[in-house]
Structures are given as C-alpha cells and as structure tokens.
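**Student:** Make a model of the complete structure from these sequences and hints.
So the sequence lines, in the order shown, correspond to chains A and B.
With the first letter of the first sequence counted as 1, position 48 gets the number 48 in our numbering; the numbers rise by one all the way through.
With the first letter of the second sequence counted as 1, position 41 gets the number 41 in our numbering; the numbers rise by one all the way through.
Read the hints as simulated data drawn from the structure, not as lab findings.
Incorrect hints may have been included.
[To be verified] Okay, derived cross-link-like pairs now, DSS-like style, lysine-lysine, Cα gap no bigger than 27 Å in a straight line:
{"no.": "1", "chain 1": "A", "residue 1": "Lys77", "chain 2": "A", "residue 2": "Lys56"}
{"no.": "2", "chain 1": "A", "residue 1": "Lys60", "chain 2": "A", "residue 2": "Lys77"}
{"no.": "3", "chain 1": "B", "residue 1": "Lys1", "chain 2": "A", "residue 2": "Lys60"}
{"no.": "4", "chain 1": "A", "residue 1": "Lys56", "chain 2": "B", "residue 2": "Lys13"}
{"no.": "5", "chain 1": "A", "residue 1": "Lys56", "chain 2": "A", "residue 2": "Lys68"}
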Amino acid sequence: GDSVTQMEGPVTLSEEAFLTINCTYTATGYPSLFWYVQYPGEGLQLLLKATKADDKGSNKGFEATYRKETTSFHLEKGSVQVSDSAVYFCARPSPDTDKLIFGTGTRLQVFP
Amino acid sequence: KAGVTQTPRYLIKTRGQQVTLSCSPISGHRSVSWYQQTPGQGLQFLFEYFSETQRNKGNFPGRFSGRQFSNSRSEMNVSTLELGDSALYLCASSPELTDTQYFGPGTRLTVL
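**Tutor:** Given below as structure tokens:
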C-alpha cells in the first residue's frame, strides 16, 4: 500500500554541519509531499511542501526536492543550528481519504 | 491569523473515566482531523470532519468518538479510558481544496 519511509535516527551533528534526512514514498500517481517538524513538547509545524514532481520546497534554510524517478523527498540544510534539534516527519496524503500518512520520524540532535 | 488551538494542553485521568478534548481550527478552515501520537505507534489517524460530518475514520475502537460544530470547532471524546490511551492527541485543520494540514500544539493525556 501507500507508505512513507524515513531513515532511522537519531541523527547527531555539530553546529554548522550539513544535514540530510532521507524520505522515500510509495504511491500511485504523484501525491503532495510534506515535511513537518516537532520541537520538544509541541505539536507538528509544517516545514515545507511540494505538490508535483521536480518541485522544490524550502523554508528556514531547509530544502527538499520532489524526485519522482527515485520516489524520494529528502530533507537538506546546509548549516544546522542547535535550535534545529527536533523530530522531523515526512508525510503524504492518503490516496482515498484526507488523512496524512507519516513516516516514523527522525530525531535530529545538534550540538554546539 | 491565529493558529489551531487545543484545550486543555494537559490532562490526567484514571482508568475507566472519560475525557473530552477540544480543538478550534484556523479561521475559515472547515476540515478538522484528529491524530494520536505515541512512542510505539507513531502518528495514527483517528477521524476527520468537514461541515459537521465525519468523512473518514481510522482504525480505533468505538470508545473514540468526535463531533464538529457549526463554527467548525471540534471535540473528541474517549470513554472508558485505558492505560494505552495515554498519548499526545493532535488536531489539524485544512483549508478547502487543499491537502495541507496545520496542526495545533496537542493535548497530552495521561491515564493512570
């Protein structure tokens, strides 16, 4: 069935390091794709989205490109900060309902 | 615009009790969805409402119910609480004709 797979965490980085969090999806057709971020003790915040193949979503220095050839939507940031420490979720809509299908989440820890 | 608000933010109940959680969507959004987040199961879809009608329901027992009012505010109710119902309950709202969901801060329910 339709699903979203994320890399296992935690991802531990030093400040100013380059970040990649992998996300792949299975789908019939070309669904919208999302990255959400969850800071400790908070709900999910929409970080970025892409609605069609080759779209690039970007926000707060984070980017992700919708790659239909590899069915991927990897999250990247060129220089992470301690304040980026959070859990990141990749998601896509279900094909037949309005619910979102989430990956398992990847915890990012950034140390000074 | 104000974001999605959820009340209360924290709840402690004992087994067998019931609980009602409230969600106010972003102004103008008529679709409201509910999710349960636990460390073991991740993010799971509970149900979705649009214009006071439940459009979709996840795979949860009948103890979990919800409703939506004419002003789009939504409530969810859990009866006969079990220890396993301890979770973060997240509400999300969507504008019409879009699959983007905006989440509230969540209600942390602890069942003792």
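**Student:** All the hints need checking, so say for each whether the structure fits it.
**Tutor:** Results for each hint:
Using a Cα cut-off of 27 Å, the hinted pair A/Lys77 and A/Lys56 holds, with the two alpha carbons roughly 13 Å apart. For the proposed pair A/Lys60 and A/Lys77, the alpha carbon gap of about 9 Å is at most 27 Å, so the pair holds. Proposed proximity of B/Lys1 and A/Lys60 is supported: the alpha carbons are some 20 Å apart, at most 27 Å. The hinted pair formed by A/Lys56 and B/Lys13 fails the criterion: a straight-line CA distance of about 45 Å is larger than 27 Å.
Between A/Lys56 and A/Lys68 the CA atoms are separated by roughly 12 Å; this keeps the pair inside 27 Å, and the hint holds.
Of the numbered hints given earlier, the model fails hint 4 alone.
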